[in-house]
Amino acid sequence: MKTVTCSHFSGHTPPTNTRKVNSIYSAVLPKSTSPLCRSVSSFTRTLLDLNTKSSEVWKICPSAQDFQIGCSLPSSVLIHPISQIPESAASLKSEKIPDLFRVLYLQDLSASGFPGATFAWEHPWESPWNQSIAQFILKHWQHAHQSGVFKIFYIDPIEASNNKLHMGTLHRWFLGRAEGLRLGRFSQIQKHRQQTLSNLNITAEHKALFDTLGCSSETEKLPDKSLVKVPLSWRSTEFQLLAQQLDKIHIRKKMSTKGPKYTTNYTIENRRLDPISPISPAFSNVPTNLPINCYAPEYIKTLTDTQKILLNSKPAINFPALLNMIQIPCE
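For the sequence shown, counting from 1, position 244 maps to 244 in the numbering used here; every step adds exactly one.
Any given hint could be a false lead.
As the list claims (entries may be wrong) - In silico DSS-like pairs for lysine-lysine, Cα to Cα no more than 25 Å straight-line:
{"id": "1", "residue 1": "K31", "residue 2": "K96"}
{"id": "2", "residue 1": "K151", "residue 2": "K31"}
{"id": "3", "residue 1": "K31", "residue 2": "K139"}
{"id": "4", "residue 1": "K248", "residue 2": "K207"}
{"id": "5", "residue 1": "K31", "residue 2": "K164"}
{"id": "6", "residue 1": "K301", "residue 2": "K314"}
{"id": "7", "residue 1": "K93", "residue 2": "K139"}
{"id": "8", "residue 1": "K20", "residue 2": "K31"}
{"id": "9", "residue 1": "K164", "residue 2": "K139"}
{"id": "10", "residue 1": "K139", "residue 2": "K96"}
{"id": "11", "residue 1": "K151", "residue 2": "K96"}
{"id": "12", "residue 1": "K164", "residue 2": "K20"}
{"id": "13", "residue 1": "K253", "residue 2": "K207"}
{"id": "14", "residue 1": "K207", "residue 2": "K314"}
{"id": "15", "residue 1": "K151", "residue 2": "K139"}
To be verified - Between beta-carbon pairs, the in silico distance windows are:
{"id": "16", "residue 1": "T304", "residue 2": "E87", "range": "42 to 50 Å"}
{"id": "17", "residue 1": "D99", "residue 2": "G176", "range": "16 to 24 Å"}
{"id": "18", "residue 1": "E205", "residue 2": "L73", "range": "29 to 37 Å"}
{"id": "19", "residue 1": "K151", "residue 2": "L200", "range": "49 to 57 Å"}
{"id": "20", "residue 1": "R252", "residue 2": "N163", "range": "50 to 58 Å"}
{"id": "21", "residue 1": "L106", "residue 2": "N201", "range": "45 to 53 Å"}
Treat the hints as calculated values from the structure; they're not laboratory data. For each residue, glycine too, the CB sits at the ideal point set by N, CA and C.
Assemble the whole structure, with the sequences as input and the hints as a guide.
Below, the structure written as structure tokens:
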């Protein structure tokens, strides 16, 4: 029987390199296609809302303030009881987990006072926030297992009772998703901007500006298939202008290779706020570790000294010079 112990890791702490972790886990964890791993993966996907088409909520990292709060909460927040699972949901007819379990998960998080419902993908697995989310997920997985929800998976009873195995399985799943986000696999606009920057003769620092998912707008598709960008109120005017320039370059490039028809299938537009009823900007899901002038002054003014430290901003970059290097192709 495979077991997961601290002795598998040098220094008794898990390595951060994804390949090294997966190499170690391959010797101690069941295969990803095993009943246990399939149940954990399927259950986690439902809890984090990955099964909803075009869902973005699972990718959104907590704000610096929420992250600080979540990391400071005691482990006792996990003690709150979970609502009873209805009999109709206890007998699965397929390996897809019903949305009811996400509802129970969100109710538990709310009652426990935890300020988020997904992983902080930009932070290490070992961070207090991610450890809390992992424990909440496994708390609900174990509750569902005890209620007979996973009978259809035919999980090995010994594996089903091994908590370390469950945490290792979830850790491996987390690493795969986090790496996908880091490489831009889950954001179309982010991928386009990264690709455009990578082809320019600029510094590595400039090329990395859109490596963080939160630097790209949340998007949604309209009935005409156009892709609408929801403005990011935390972003400075200069950073916003850079994003718009990169979008224009991408569209012109695609038009030159795919023809004008491309614009009818893929159009990026900005959502305009109603000027009649101005609304104070809501600063949420703000990425950290960016140059200071990537952030709007209005956002910086709202931060306390502690929050400014957590933001971990970098020295300002020369946006005028960068924009001057980025030329939009002629039509």
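Each hint tested on the structure:
no. : hint                      : in the structure
1   : K31 <-> K96               : 19 Å, holds
2   : K151 <-> K31              : 19 Å, holds
3   : K31 <-> K139              : 22 Å, holds
4   : K248 <-> K207             : 17 Å, holds
5   : K31 <-> K164              : 15 Å, holds
6   : K301 <-> K314             : 17 Å, holds
7   : K93 <-> K139              : 23 Å, holds
8   : K20 <-> K31               : 16 Å, holds
9   : K164 <-> K139             : 13 Å, holds
10  : K139 <-> K96              : 19 Å, holds
11  : K151 <-> K96              : 13 Å, holds
12  : K164 <-> K20              : 18 Å, holds
13  : K253 <-> K207             : 18 Å, holds
14  : K207 <-> K314             : 15 Å, holds
15  : K151 <-> K139             : 18 Å, holds
16  : T304 <-> E87: 42 to 50 Å  : 49 Å, holds
17  : D99 <-> G176: 16 to 24 Å  : 23 Å, holds
18  : E205 <-> L73: 29 to 37 Å  : 35 Å, holds
19  : K151 <-> L200: 49 to 57 Å : 55 Å, holds
20  : R252 <-> N163: 50 to 58 Å : 54 Å, holds
21  : L106 <-> N201: 45 to 53 Å : 47 Å, holds
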